[in-house]
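Engineer: Please work from the sequences and hints to get the whole structure.
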Amino acid sequence: MAMNRQDLMRYDLEAWIHTHFYKIASLFSFIEAASILARLLAPSNMTELIFRIATIIYWALLTPSFYEFTKGFLMIYSRGAVYSHIAENIRERLVIKYRSRARAASILLYIAIIIWIIAPMAFIWGWLYAKG
Amino acid sequence: MPRASKVMLFHYMGYFGSMVLVWLVMISSLLQIQLGWAGALLKVLLVVASILFGVFGVLFVMRGHGGG
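In order, the protein sequence lines correspond to chains A and B.
Each residue of the first sequence is one higher than the one before, starting from 1 at the first, in our numbering.
Each residue of the second sequence is one higher than the one before, starting from 1001 at the first, in our numbering.
Heads up, some of the hints might be wrong.
Unchecked claim - Derived pair list, reagent style DSBU-like, types lysine-lysine, alpha-carbon separation capped at 30 Å:
no., chain 1, residue 1, chain 2, residue 2
1, B, 1043, B, 1006
2, A, 23, B, 1006
3, A, 71, B, 1006
4, A, 97, A, 23
5, B, 1043, A, 23
6, B, 1043, A, 71
7, A, 71, A, 97
Hints were generated in silico from the structure; no laboratory data involved.
Structural biologist: Now the structure itself:
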C-alpha cells in the first residue's frame, strides 16, 4: 500500500495531493458538521469564529478535489484532447479533431478556479463587513 | 454491509454536496441579512452532506469498499 502511494506521488503528484486531501477532508467533515451545529444551536462570537475557521479549512481541503473533478469533466467534454494522460501523438490528433472543445476546456478550467476562489473571499468579506 | 453502489451513492452525494454547499454557504455570508431561513437551510444541508461524506468515507471507502 505504502509503495503504491509512493508510485502515485512519482507518477502524478496532483492525484497524490488529491487523494490525501480527500482523506483528510473526509475526517474533517465531522468537525465541519459539529461547528455548524454549534453555530446554529448556540450562536455566539466563539461558535461563529469556530464555524468560519472550520469552513475555510473545509473549503481548502476540498479544493484539490474540485480541481481534479473539474479537470475530469473537462477532459470528458474535450474527448480527451486536454488533461488526459495519453501519448502526445494521439493527443495532437484529438486536439485537431476537437479544437473548439479543447480550447473551451482550457479556458473553462481557469473560469472554474476563479469562481471557486471567489467563495472564501466573499466569506471573509462577509465576516468582516456584512455582519447583521 | 450495505451494497457498494448505495455506499458510493451516499458518499458521492456527501462529497459533491459538500463542495457545492460549502461554496454556497460562503457566498451566502455576503447576503446574511436578506437570506434569513434560506441561509440556515443551506447550513443544515451542509451538515447533512458533511456527515454523509464523512461517515461513508471513513467507514467504507477509506477501508477499501469502493473507489475514492
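Engineer: Going straight from one Cα to the other, do residue 1043 of chain B and residue 23 of chain A come out at no more than 30 Å?
Structural biologist: 22 Å, holds
Engineer: Given the hint that residue 97 of chain A pairs with residue 23 of chain A, does the C-alpha gap stay at or below 30 Å?
Structural biologist: 38 Å, violated
Engineer: Holds or violated: residue 1043 of chain B and residue 71 of chain A, Cα atoms, limit 30 Å.
Structural biologist: 28 Å, holds
Engineer: Under the criterion that the straight-line Cα-Cα distance not exceed 30 Å, is the pair residue 1043 of chain B, residue 1006 of chain B satisfied?
Structural biologist: Holds, at roughly 24 Å.
Engineer: Taking only the CA atoms, is the gap from residue 71 of chain A to residue 97 of chain A under or equal to 30 Å?
Structural biologist: Given pair residue 71 of chain A, residue 97 of chain A holds - Cα atoms ~19 Å apart, limit 30 Å.
Engineer: Need the status of pair residue 71 of chain A, residue 1006 of chain B: alpha-carbon distance at most 30 Å?
Structural biologist: 25 Å, holds
Engineer: With a cut-off of 30 Å on the C-alpha distance, tell me whether residue 23 of chain A and residue 1006 of chain B pass.
Structural biologist: 20 Å, holds
Checked against the numbered hints above, the structure violates only hint 4.
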